[in-house]
Amino acid sequence: MHNCKANRETLIALALDPHAHTQSLPAELEACAACREEYAALRSLLRVVDEAKQSALPAESFWPGYNTRLRQRLETGSNAGLLLPETEKQISLKTLLGNLFSSSVRVPIPLAAALLVFLGVSLVFALNSRRPLSAPPPLIVSKTVEVPVIQEKIRENTVTRVIYRERQRRQPASAGARLVAGRQKASPMETPMSLVGFKPTNEVQLTIIKGSYQR
Amino acid sequence: MSAMKLFQVAPLTTSEDELIRRAQAADMDAFCLLAQRFERRIYSLALHYCHNHQDAEDLSQEVWLKSYQALNTFRGESSFYTWLRKITINCFLNHRRIRSFRWRGETTGIQLLDVDAIETNKHRRPALADSENVLLDRIMVEKVMQALSELTSQQRLIFLLKHHEGMTYEEIAKAVGCSQGTAKKSISRAVIKLREHLNVDVQSKNPFRALSG
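Sequence order for the protein chains is L and P.
Here the numbering used here is used: the first residue of the first sequence is 2, the next is one more, and so on.
Here the numbering used here is used: the first residue of the second sequence is 2, the next is one more, and so on.
Don't take each hint at face value.
[Claimed, not checked] In silico SDA-like pairs for lysine to any residue, Cα to Cα no more than 20 Å straight-line: (1) P:K185 - P:E151; (2) P:K194 - L:T11; (3) P:K87 - P:I21; (4) P:K175 - L:T96; (5) P:K186 - P:Y170; (6) P:K194 - L:L47; (7) P:K87 - L:L101; (8) L:K6 - P:I193; (9) L:K95 - P:N91; (10) P:K186 - L:R9; (11) P:K186 - L:R107; (12) P:K185 - L:A14; (13) P:K185 - P:E171; (14) P:K194 - L:A42; (15) P:K87 - P:A174; (16) P:K67 - L:G78; (17) P:K175 - P:K186; (18) P:K175 - P:Y82; (19) P:K175 - L:F102; (20) L:K6 - P:R196; (21) L:K6 - P:N200; (22) P:K87 - P:Y170; (23) P:K175 - P:H165; (24) P:K67 - L:R70; (25) L:K95 - P:K67; (26) P:K87 - L:L98; (27) P:K186 - L:A7; (28) P:K175 - L:L97.
Just so you know, these hints were derived from the structure itself, not from any lab.
Please construct the entire structure, taking both the sequences and the accompanying hints into account.
Quick look at the structure:
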């Protein structure tokens, strides 16, 4: 089936081809009114561009001045040594260097992406393993350095407890004595000492004093 | 219409080969004579590429300076113009990389032909002698230049090489440094854009006039 849009490029190529102007359109395009019209429009367009090309040129009076300016530029360049004709050798080297830096290589996108990923991974590995494999073994130098060591004295706390204990005397079990005994029982001096508040590092110094004493 | 027929060339009193030989021996006069033979073609190409006369002059003269420098590499394997065109394309491509042209925004106006200039060309197109036609000419050229400026620089260059220079797709691809497919696509897009922009009247017997009007 004929598709006008698909044939547009063919029509453009035919319109641009100077040899095709004398020939007729292919039968398929000739049979289609839209394609014929499109072809005519393209031919007209290119004719207009041709006419413009001719009309846009400057007048004849422009060229002597143009040539004078060109001559001046050539002479100025030559006098300054900037326009010395290059030898073939110089140019080939220049072209080679130019091509080396400006040439482009066509690479498919997936391949380019794969190459980029590969380069990225290589870079990461290179950065991570920066230790040289063939490096000489490290030289070990031993030196004795005297360093003063400050030893802190551990102060141990000495906890002193003094316990007063009444000497037990045999006394007649009188009423008064029972009263004294009852009072002695109630005396705080006779209460047993506990180890509450002691720490394992504390030194316990216990002094037991037996005898009578004044309260 | 053949591109060669549009341009006048310097009188062929001395053969091209002789001029080339002398120019290669650093004879500047010979080189200037050689330049005169092709300056209109190179200038026209530059003008359509960069859309203003100042840039066109700079660019075309740069081509001549480069070709003077590289003249010793011309070995006659191709025609002198083919060799020169290669330098021209390289200059255009370098120019595109180095600087942007002034035609967007700053100097979009085109220095068009003077009435006197048209008068001097009367022998070529006597019908355009009157001032009305001169004005129509100006409008038409401005429209075409404006349409060309809508193309990308690569599309414009490839279109000019194909349409103005009549190069094959293979030659264009080699010269510009792209594939033949890219060259074909660029030309198609360029023509489609130009057609949209210019909106040429097909029905009119003279689309050139229809466009100007």
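Tested hints:
1. P:K185 - P:E151: Holds, at roughly 18 Å.
2. P:K194 - L:T11: holds (16 Å)
3. P:K87 - P:I21: holds (17 Å)
4. P:K175 - L:T96: holds (16 Å)
5. P:K186 - P:Y170: holds (11 Å)
6. P:K194 - L:L47: holds (12 Å)
7. P:K87 - L:L101: holds (19 Å)
8. L:K6 - P:I193: Distance ~12 Å between K6 of chain L and I193 of chain P Cα, so the pair holds.
9. L:K95 - P:N91: Satisfied, since the Cα-Cα distance of roughly 14 Å is no more than 20 Å.
10. P:K186 - L:R9: holds (12 Å)
11. P:K186 - L:R107: Given that 20 Å is the threshold and the Cα spacing comes to 17 Å, the pair holds.
12. P:K185 - L:A14: The hint holds at about 8 Å.
13. P:K185 - P:E171: With Cα atoms ~10 Å apart, K185 of chain P and E171 of chain P stay inside 20 Å; holds.
14. P:K194 - L:A42: The hint holds at about 13 Å.
15. P:K87 - P:A174: holds (12 Å)
16. P:K67 - L:G78: Holds, because 11 Å separates the two Cα atoms, which is no more than 20 Å.
17. P:K175 - P:K186: holds (15 Å)
18. P:K175 - P:Y82: holds (16 Å)
19. P:K175 - L:F102: Holds, because 18 Å separates the two Cα atoms, which is no more than 20 Å.
20. L:K6 - P:R196: holds (15 Å)
21. L:K6 - P:N200: holds (18 Å)
22. P:K87 - P:Y170: holds (15 Å)
23. P:K175 - P:H165: Judged against 20 Å, a Cα distance of about 17 Å means the pair holds.
24. P:K67 - L:R70: holds (15 Å)
25. L:K95 - P:K67: holds (13 Å)
26. P:K87 - L:L98: It holds: about 18 Å lies between the C-alpha atoms, which stays within 20 Å.
27. P:K186 - L:A7: holds (13 Å)
28. P:K175 - L:L97: Cα-Cα ~17 Å, so holds.
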